Amino acid sequence: MSPPGPVYAQREDVMRAADDIAARRDLNPEWVRQTLGQARHMAQAVKFIQPPPVGTPKNWRLYRSRFIDPIRISAGVKFWQDNRDTLARAEKETGVPADIIVGIIGVETIYGQQMGDFRVLDALATLAFDFPPGHPRAKERSEFFKAELEQFLSLTHRTSVDPLQLRGSYAGAMGMPQFMPSSWVKYAIDFDGDGKVDLFNSPADVIGSVANYFKAFNWQPGMPTHYPVSFDPGKRDLDALLAPDILPTFSVASFMAKGAVLEGAALQHTGPLALVELQNGDMPPSYVAGTENFYAITRYNWSSYYALAVIELGQEVARAKKP
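Each step along the sequence shown adds one to the number in the working numbering, with nothing skipped, and position 77 is 100.
Think of the hints as simulated: they come from the structure by calculation, not from any bench.
Keep in mind the model is a prediction, meaning the values are calculated, not measured.
We treat Cβ as the ideally placed atom computed from N, Cα and C, and that holds for glycine.
Check each hint, because a few of them may be wrong.
Said to hold, decoys possible - Restraint-style ranges between C-beta atoms, simulated for each label pair:
| hint | residue 1 | residue 2 | range |
| --- | --- | --- | --- |
| 1 | Pro27 | Asn303 | 36 to 44 Å |
| 2 | Phe254 | Asp43 | 47 to 55 Å |
| 3 | Trp325 | Val284 | 24 to 32 Å |
| 4 | Pro74 | Asp42 | 29 to 37 Å |
| 5 | Asp36 | Phe254 | 22 to 30 Å |
| 6 | Asp217 | Pro155 | 38 to 46 Å |
| 7 | Trp325 | Leu85 | 13 to 21 Å |
Said to hold, decoys possible - Simulated pairs of lysine to any residue, SDA-like, Cα-Cα distance not exceeding 20 Å:
| hint | residue 1 | residue 2 |
| --- | --- | --- |
| 8 | Lys169 | Asp105 |
| 9 | Lys209 | Leu178 |
| 10 | Lys219 | Phe240 |
Generate coordinates for the entire structure from the input sequences, incorporating the hints supplied.
In structure tokens:
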């Protein structure tokens, strides 16, 4: 990790922002100024937030191999065994399957083994006030991180947690499920009944909070996440099928009218579908028919590659834990 950069206490724009946050959140202005003034510029956050170079090919097979490996599967089996009753309770109460919850926590942090070692305050302040201007979405993303910084300061003040002590990802995500501060505020719950929410040390709170997140994003109990799909070469209209991206839009009939071929249970699906394309570098792409539940997983991380990795890791762990 690179050495910490200068503190933000000398930046007039940051101190003005501190006063604005204090006023909006009814916080002590001196506390906000003092806290935010101790944040340090973090060069690595600026480096890591940059998009990949233009022309970098996506590769589902390579991406998958980073997350579905013996280490994560083994850790996932232990996590599931240690928390079997809690996972079952979360599934019963929310309808979100245990394997999806297990898949998320495994992809995010290997069940708490890699929760990030960046000071959250530094990461959020850096990306709020020094977001790289050359980024194609610089203004939008800078505003996003300013809002997350505000949520973080409000959250730590309200819960009497030292904002200088919490560590997470280079983007400010925290705990086993890597919740951003706004997600912590909106979706994190006390699932172990101890009177507080702890996404760093309480597997029960983590499990309940991940399930609650998906319930909030309209998870449909009992619905598959995706179906296999092939194509009728004579009817295939790939441009039309891919136009809505991963947003489920097509009925089964309209999907198949454009050349997609479904079989078995997929033919009985009553909700909308999306054609999800996963590029494989120089090899032909892979495709699946994504449902509303596949789309719900992409609300956690807006990537179809991420969603399918979560699904398949959870499936592999479920298979491995069986006697």
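May I ask you to test the hint 36 to 44 Å on the CB atoms belonging to Pro27 and Asn303? holds, 40 Å
Is Lys169 within 20 Å of Asp105, Cα to Cα? The hint is violated at about 38 Å.
Go ahead and decide if the range 13 to 21 Å is satisfied by the Cβ distance of Trp325 to Leu85. holds, 19 Å
Quickly compare the C-alpha distance for Lys219 and Phe240 to 20 Å and report which way the hint goes. Outside the cut-off at roughly 23 Å; violated.
Lying within 24 to 32 Å: is that true of the beta-carbon distance Trp325 to Val284? holds, 28 Å
Please work out if Lys209 and Leu178 have their alpha carbons no farther apart than 20 Å. holds, 11 Å
Mind checking the hinted window 29 to 37 Å against the Cβ distance between Pro74 and Asp42? At 33 Å between Cβs, range holds.
CB of Phe254 to CB of Asp43, is that within 47 to 55 Å? About 53 Å separates the Cβ atoms of Phe254 and Asp43, which means 47 to 55 Å holds.
Has the hinted range 22 to 30 Å been met by the Cβ atoms of Asp36 and Phe254? For Asp36 and Phe254 the Cβ distance comes to about 53 Å; the hint is violated.
Pairwise beta carbon distance, Asp217 to Pro155, judged against the given window 38 to 46 Å: holds, 41 Å
The structure shown violates the earlier hints numbered 5, 8, 10.
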